[in-house]
Amino acid sequence: GENVEQHPSTLSVQEGDSAVIKCTYSDSASNYFPWYKQELGKGPQLIIDIRSNVGEKKDQRIAVTLNKTAKHFSLHITETQPEDSAVYFCAASWEGNQGGKLIFGQGTELSVKP
Amino acid sequence: EAGVAQSPRYKIIEKRQSVAFWCNPISGHATLYWYQQILGQGPKLLIQFQNNGVVDDSQLPKDRFSAERLKGVDSTLKIQPAKLEDSAVYLCASSSERGAEQFFGPGTRLTVL
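Protein chains in written order, with our numbering: chain A, 5 to 118; chain B, 412 to 524.
Hints may be right or wrong, so weigh each one.
[Said to hold, decoys possible] With the C-beta cut set under 10 Å, the calculated list includes, among others, these residues of chain A facing chain B:
hint, residue
1, VAL8
2, LYS26
3, LEU50
4, ILE107
[What the hints assert, rightly or not] Straight-line Cα separation of at most 25 Å, SDA-like style, residue types lysine to any residue; simulated pairs:
hint, chain 1, residue 1, chain 2, residue 2
5, A, LYS26, B, LEU450
6, A, LYS46, B, ASP474
7, A, LYS75, B, GLU512
8, A, LYS75, B, GLY510
9, B, LYS455, A, SER78
10, A, LYS41, B, ALA499
11, A, LYS46, B, THR522
12, B, LYS455, A, SER32
13, A, LYS41, B, PHE514
14, A, LYS61, B, SER507
15, B, LYS455, A, HIS76
16, A, LYS41, B, ASP497
17, A, LYS75, B, THR522
18, A, LYS41, B, ALA511
19, A, LYS46, B, GLN452
20, A, LYS46, B, ALA441
21, A, LYS46, B, GLY510
22, B, LYS455, A, GLU113
In case anyone wonders, no lab produced these hints; they're calculated from the structure.
We put the CB at the ideal spot given by N, CA and C, even for glycine.
Assemble the whole structure, with the sequences as input and the hints as a guide.
This is the structure in structure tokens:
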């Protein structure tokens, strides 16, 4: 069935360093890949997404890359700050009127030490 | 713009009891989702509504879980009877249409003793 693997499960970095989280998906029909940030006691919040017709997307300190052939996608956070500390989830889905269901990875707990 | 509202935020029940959760999506959003998030895992879709019709309930344990969205706006998710393994956070999300960005509510944390 559909599956998304996410690594690492925990990541600790010093403030100012970069953080990279990697995901692999199983369904080659997936064409939409969002990343969510979840803080304690809150619901997931979309921080960036990428579609299968794009290889890379950047928004300030956050960037995502997608390799459709290898079915890999990654989140890159540069110049990390303590407020970046949270659990990050990747997901795979399908756009359009047949889409909606998000298949989530297991999550990465990012800790940014001042 | 108001976000997705959920209530209650916390609920503690004993096994075999019943419980209901309520969700009010963002105004005008046609698609509504219920996800189950077990501690330390990513959310898993339980059911997806398009207006008041069910699009996907393939992972809903139908012997004990039920959900409805009668007027195509608010939704309720019910568990009867609850089991210990139902302890989780139940997240509601909505989107303007199928395949569009999903906005999540704060969730209801259920503890089954």
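Hints, one by one, checked against the model:
1. Taking 10 Å as the C-beta contact cut-off toward chain B, the hint placing VAL8 (chain A) at the interface holds, the least distance being around 8 Å.
2. For the restraint placing LYS26 (chain A) at the interface with chain B, the shortest Cβ-Cβ distance is roughly 15 Å, beyond the 10 Å limit, so the hint is violated.
3. Against a cut-off of 10 Å between C-beta atoms, the interface hint on LEU50 (chain A) holds, since the closest Cβ of chain B lies about 6 Å away.
4. Because the closest C-beta pair between ILE107 (chain A) and chain B is about 8 Å apart, less than 10 Å, the hint holds.
5. Restraint check for LYS26 (chain A) and LEU450 (chain B): satisfied, since their Cα atoms lie roughly 21 Å apart, inside the 25 Å limit.
6. For the hint linking LYS46 (chain A) to ASP474 (chain B), the alpha-carbon distance of about 29 Å lies beyond 25 Å, and the restraint is violated.
7. With a CA separation close to 21 Å, the supplied pair LYS75 (chain A) and GLU512 (chain B) stays within the 25 Å bound.
8. About 20 Å separates the Cα atoms of LYS75 (chain A) and GLY510 (chain B), which keeps this hinted pair within 25 Å; it holds.
9. Taken as a hint, the LYS455 (chain B) and SER78 (chain A) pair is honoured in the structure, with Cα atoms around 21 Å apart against an allowance of 25 Å.
10. Only pairs whose Cα atoms come within 25 Å are accepted, and LYS41 (chain A) paired with ALA499 (chain B) is accepted, the gap being roughly 18 Å.
11. Taking the CA atoms of LYS46 (chain A) and THR522 (chain B), the gap is near 17 Å; set against the 25 Å cutoff, the hint holds.
12. For the hint linking LYS455 (chain B) to SER32 (chain A), the alpha-carbon distance of about 20 Å falls within 25 Å, and the restraint holds.
13. A hinted pair counts as satisfied when its Cα atoms are at most 25 Å apart, and LYS41 (chain A) with PHE514 (chain B) qualifies at roughly 12 Å.
14. Restraint check for LYS61 (chain A) and SER507 (chain B): satisfied, since their Cα atoms lie roughly 23 Å apart, inside the 25 Å limit.
15. Distance hint between LYS455 (chain B) and HIS76 (chain A) is fulfilled; the C-alpha atoms sit about 20 Å from each other, no more than 25 Å.
16. For a cut-off of 25 Å, the pair hint linking LYS41 (chain A) to ASP497 (chain B) stands: about 24 Å separates their Cα positions.
17. Between LYS75 (chain A) and THR522 (chain B) the CA atoms are separated by roughly 37 Å; this puts the pair beyond 25 Å, and the hint is violated.
18. Taking the CA atoms of LYS41 (chain A) and ALA511 (chain B), the gap is near 18 Å; set against the 25 Å cutoff, the hint holds.
19. At most 25 Å may separate the alpha-carbon atoms for a hinted pair to count; LYS46 (chain A) and GLN452 (chain B) meet this at roughly 15 Å.
20. Taking the CA atoms of LYS46 (chain A) and ALA441 (chain B), the gap is about 23 Å. The hint holds against a cut of 25 Å.
21. Using a Cα cut-off of 25 Å, the hinted pair LYS46 (chain A) and GLY510 (chain B) holds, with the two alpha carbons roughly 23 Å apart.
22. Pair hint LYS455 (chain B) plus GLU113 (chain A) holds up; C-alpha atoms about 18 Å apart against a cutoff of 25 Å.
Hint compliance for this structure: hints 2, 6 and 17 are not met, and every other hint is.
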